[in-house]
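**Q** Protein chains in written order, with the working numbering: chain A, 207 to 316; chain B, 105 to 219.
To be clear, the hints were calculated from the coordinates, so they are not data collected in a lab. If you're wondering where the values come from, they're calculated on a predicted model, not measured in any experiment. Cβ atoms here follow ideal geometry from the backbone N, Cα and C, with glycine treated the same way. Incorrect hints may have been included.
[To be verified] Chain B stretches covered by chain A per the calculated footprint, using a threshold of three residues with CB under 8 Å from any CB of chain A:
no., segment
1, 138-148
2, 177-188
[Said to hold, decoys possible] If you anchor each label on the Cβ, the simulated ranges turn out as follows:
no., chain 1, residue 1, chain 2, residue 2, range
3, A, Val250, B, Lys118, 48 to 54 Å
4, B, Gln188, A, His244, 37 to 43 Å
5, B, Leu164, A, Ser288, 25 to 31 Å
6, A, Glu223, B, Ser162, 26 to 32 Å
7, A, Pro214, B, Glu156, 28 to 34 Å
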Amino acid sequence: KNEVEQSPQNLTAQEGEFITINCSYSVGISALHWLQQHPGGGIVSLFMLSSGKKKHGRLIATINIQEKHSSLHITASHPRDSAVYICAAVSNFGNEKLTFGTGTRLTIIP
Amino acid sequence: DTGVSQDPRHKITKRGQNVTFRCDPISEHNRLYWYRQTLGQGPEFLTYFQNEAQLEKSRLLSDRFSAERPKGSFSTLEIQRTEQGDSAMYLCASSLDGLEYSPLHFGNGTRLTVT
Chain A
207 KNEVEQSPQN
217 LTAQEGEFIT
227 INCSYSVGIS
237 ALHWLQQHPG
247 GGIVSLFMLS
257 SGKKKHGRLI
267 ATINIQEKHS
277 SLHITASHPR
287 DSAVYICAAV
297 SNFGNEKLTF
307 GTGTRLTIIP
Chain B
105 DTGVSQDPRH
115 KITKRGQNVT
125 FRCDPISEHN
135 RLYWYRQTLG
145 QGPEFLTYFQ
155 NEAQLEKSRL
165 LSDRFSAERP
175 KGSFSTLEIQ
185 RTEQGDSAMY
195 LCASSLDGLE
205 YSPLHFGNGT
215 RLTVT
């Protein structure tokens, strides 16, 4: 069992749909990153959060430390949102080690 | 600010050869990370530097792998006696310690193919 698990692995939706990607972790963390990886490999950091909720444009990230769970939501999805979304947990042992989920491949159909 | 740059973008080598990759982080960033990503998988942590100090090294990093960050700026990752299983995308990222929100900035990676 991976220390960081994401679901679903693949998600296809119609343009405009509300998207939720889930991340569960079993390790102790100090924070969690949500990353976006486009074809060709470029990775962009979307959020880093340690509690509560953060919003940036159409993207919303939430985390529940007690339940060891985080979600990434995309409102009014658009084909340009198509990418792989990866959550990465930051170790709380002071070594800043990141443990990555395997990613969720999102495809938004026009 | 030109972002994190990695060199080369692609490297094809024969099994048994040594390879070295370079990462230039964003200039003021004191944290630098190396990851490895194989097809269809999320990145795997390899090692992490705070300035020039290598603070953490994954068990994935066998004794054939060595990383340095001699002056706390650029870093190199060397793989000796490459094996076909080393074929992967090697990613570098940097961040700045001390900020409440310290986003990771990734390079475009070096794709290694061992034949």
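**Q** All the hints need checking, so say for each whether the structure fits it.
**A** Tested hints:
1. 138-148: holds (count 7)
2. 177-188: violated (count 0)
3. A:Val250 / B:Lys118: 48 to 54 Å: 34 Å, violated
4. B:Gln188 / A:His244: 37 to 43 Å: For His244 (chain A) against Gln188 (chain B), whose Cβ atoms are near 27 Å apart, the range 37 to 43 Å is violated.
5. B:Leu164 / A:Ser288: 25 to 31 Å: Distance hint for Leu164 (chain B), Ser288 (chain A) holds at roughly 30 Å.
6. A:Glu223 / B:Ser162: 26 to 32 Å: Taking Cβ atoms as reference, Glu223 (chain A) and Ser162 (chain B) lie about 38 Å apart, which means the hint is violated.
7. A:Pro214 / B:Glu156: 28 to 34 Å: 41 Å, violated
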